[in-house]
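2 protein chains.
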Amino acid sequence: MDLERLKTPCALVDLDRLEANARGMAARAEALGVRLRPHVKTHKCVEIAERQVAPSFRGVTVSTLAEAHAFADGGFTDLTWAFPLPPDRADEALDLARRVDALHLTVDHEASVDALERACRRRGAPASVLLEVDCGDRRAGVDPSTDRALRLATRIADADALAFRGLLTHGGHAYGARNRDEIAPVAAAERDVVVRLATRLREAGIDVPEVSVGSTPTMRVVDRLDGVTEIRPGNYVLFDAFQAAIGSCALEEVAISILATVVGAYPEQRKVIVNAGAIALSTDPGPTHVAPDCGFGVVATADGRTLHDDLRVFALSQEHGQIRGDGVTDRFRIGDRLRVLPNHACVAAAQHDRLFAVRDDAVVETWRPVRGW
Amino acid sequence: MDLERLKTPCALVDLDRLEANARGMAARAEALGVRLRPHVKTHKCVEIAERQVAPSFRGVTVSTLAEAHAFADGGFTDLTWAFPLPPDRADEALDLARRVDALHLTVDHEASVDALERACRRRGAPASVLLEVDCGDRRAGVDPSTDRALRLATRIADADALAFRGLLTHGGHAYGARNRDEIAPVAAAERDVVVRLATRLREAGIDVPEVSVGSTPTMRVVDRLDGVTEIRPGNYVLFDAFQAAIGSCALEEVAISILATVVGAYPEQRKVIVNAGAIALSTDPGPTHVAPDCGFGVVATADGRTLHDDLRVFALSQEHGQIRGDGVTDRFRIGDRLRVLPNHACVAAAQHDRLFAVRDDAVVETWRPVRGW
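Residue numbers (this note's numbering), protein chains in the order written: chain A, 720 to 1092; chain B, 720 to 1092.
Since the hints were derived computationally from the structure, they do not count as laboratory data.
There may be inaccurate statements among the hints.
Said to hold, decoys possible - Per label pair, the in silico range of CB-to-CB distance: (1) A:A745 <-> B:D1079: 24 to 34 Å; (2) A:P774 <-> B:T796: 53 to 63 Å; (3) A:V1083 <-> B:R1087: 28 to 38 Å; (4) B:D1079 <-> A:D1072: 45 to 55 Å; (5) B:G924 <-> A:A969: 51 to 61 Å; (6) B:E766 <-> A:P928: 30 to 40 Å; (7) B:R770 <-> A:A1081: 40 to 50 Å; (8) B:Q988 <-> A:T1020: 37 to 47 Å; (9) B:E766 <-> A:A923: 51 to 61 Å; (10) A:R837 <-> B:T796: 49 to 59 Å; (11) B:R1087 <-> A:P1011: 32 to 42 Å; (12) B:G1046 <-> A:P774: 28 to 38 Å; (13) A:L970 <-> B:T1007: 22 to 32 Å; (14) A:Q988 <-> B:T1007: 37 to 47 Å.
Claimed, not checked - According to the in silico footprint, chain B covers these stretches of chain A (three or more CB under 8 Å from chain B): (15) 824 to 837; (16) 971 to 984; (17) 1050 to 1062; (18) 1080 to 1090.
The C-beta atom is built at its ideal place from N, Cα and C for all residues, glycine as well.
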């Protein structure tokens, strides 16, 4: 189908860029000597994950149990749910684990281990468990410098129903960096913190099969990953305006965009309005620490080939997107279409029931992201 | 079904509050002598709109053509698409108009009128047209003080295929107010600007059947609506943390909440993590002009009866919601549930495939909001 026949607003994925991005990270993983377990939360589409994994290892990372179900159905056999286990979903997770080769669950607290053990007893089923470690992001994870980290790992390793799978961390504080030079120390910390803890655990006699790290910024920058077994970047397959702003990618590598139609023109305000607002674009504030005036995405032409990155998507209401800049009403007229490269691909993609895969100005595939939890 | 059996995160609607909110605005409309045409973008559910409209007038306001289709299917016979007409959806709109008593379209630019006239010729169909007026919000709409407003109205009124329905405005700048006293002049302007223009048009010989205004804040505050024919508030039926902050409602009137489970506890950070992040809650920054530290919603107990409004939902990532405050890990433990009253009901509700209507701690109805565009 021709691109022009799509109703707007809608989400487009540039298939050439997506495939190049997928190949790029696969090559990096190979060069770094680690396994790639892409995080599928970015797109929630089996068809995209198929392009990310190697035939030898059909493993992915998921953010929700709904994703886990859908990717199990899609033939992905080794799943890591990289989210602190909600006790009220433990039974469902254990039931799902029976359907795949492995479903690794994530904990960082004694109460979660307790809840998981109780669920294992209820279901008569074992669980594979990763201990989440805080490598400086200060979101989730145990402090690796404490005795508690060792005690929790020991507790899991000693539990009859639990198999201690290893350590998992996420250098999410890389998103606070302003450029690749600032990402580098985060990437090093993400690696060093978890490798050091793995060594401590092994010295204490605990087997640590998996040492798992990863975010897109750190994995684009990190120079070596000795001691790490796998990486879990996700965003890289689409990229977005935020990643470009901090140096993870070029804007020309961003594979996702929202196609919109110009519905209003206000020359005296140097402004047009498009029919992509807070729902179609999502309202992630973007890389304001790099570019305080970044707005809600980067404008490009309808064919995606030319950036108008001097324009600013300065306000979003539910369905209105307001775009300001010199000569904007000469560049885009009512009825014209344009694209917006969103600030945050993962959240923007999740707004859409369908992603349209585009190659050479034609829609060649239509994908349906997993919804819900 | 018992509330406890719901999977989290999920969206709850307190049915008693919703029905009270619906009755409240219906009574206000009656007292003010105007017709109520609720904006259904807030919830996108036919079942909620049924509780908002009077038997005598099944009219609603929609923000998307997808809503228009669904509400036409649901037996709503008089629709206003209160969004600047996208020329590439004009034909579809005209086709839909044949299925209902009326579908009023909105324009504020000559180019949109041109496009609509061309579509009318293509489809051999007429169109009912509202002229959008800027009452100070500076989003969309013509400047009512200009000759252009008169020329555009004349142009529409004179066009063979177009029926000039009247004027539509939206006092969206009420959301910049900090309290009811600051909302009041916006409400007065919303009314006065459009009534004045209607008078000018009538003096020029143009029939102006409809003079339509409305936002939830202005309609909660406005004291009289002489010259106005209808109001289009939407948010009021759910309300949210933003509306409470600016004085549109009390927090105890907010009918929507997101139910979440505590998945992490970090006493040293005075923090818990819940499984409701940017997707489940949406990332509307909230009433930062009133409360700079408002965070991403207001915390309440799982039953919704007790507010913990000293806690702050200070950070959202895709699936993680981080909540900070004194004693938070004593108040909420891993596995406990809590509710978050979202900053922006309309965008939060749109994240969910289902809304669970709750009365007396039981789920009594399940609604499916319209999705897409």
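Confirm or reject the claim that Q988 (chain A) and T1007 (chain B) have a C-beta distance inside 37 to 47 Å.
23 Å, violated
In this structure, is the beta-carbon distance linking R770 (chain B) and A1081 (chain A) contained in 40 to 50 Å?
At 45 Å between Cβs, range holds.
Given the range 49 to 59 Å, decide if the beta-carbon distance of R837 (chain A) to T796 (chain B) lies inside it.
55 Å, holds
Is the distance from the Cβ of A745 (chain A) to the Cβ of D1079 (chain B) consistent with 24 to 34 Å?
54 Å, violated
Per the hint of 51 to 61 Å, is the separation of the Cβ atoms of E766 (chain B) and A923 (chain A) within bounds?
58 Å, holds
Range agreement (Cβ of R1087 (chain B) with Cβ of V1083 (chain A), hint 28 to 38 Å):
Cβ of V1083 (chain A) to Cβ of R1087 (chain B): about 30 Å, so the range 28 to 38 Å holds.
Given a hinted range of 37 to 47 Å, is it respected by the beta-carbon distance of Q988 (chain B) and T1020 (chain A)?
45 Å, holds
Do the Cβ positions of R1087 (chain B) and P1011 (chain A) conform to the proposed distance bound of 32 to 42 Å?
40 Å, holds
Would you say the C-beta atoms of D1079 (chain B) and D1072 (chain A) sit inside 45 to 55 Å of each other?
34 Å, violated
Coverage assertion for the segment 824 to 837 of chain A with respect to chain B, Cβ distance below 8 Å, three residues required
holds (count 5)
Confirm or reject the coverage of the segment 1050 to 1062 of chain A by chain B under the rule of 3 or more residues with a beta carbon closer than 8 Å to the chain's beta carbons.
Contact hint for the segment 1050 to 1062 of chain A vs chain B: holds, 4 residues under 8 Å.
Per the hint of 28 to 38 Å, is the separation of the Cβ atoms of G1046 (chain B) and P774 (chain A) within bounds?
52 Å, violated
In this structure, the earlier hints numbered 1, 4, 6, 12, 14, 18 are contradicted, and the remaining ones agree with it.
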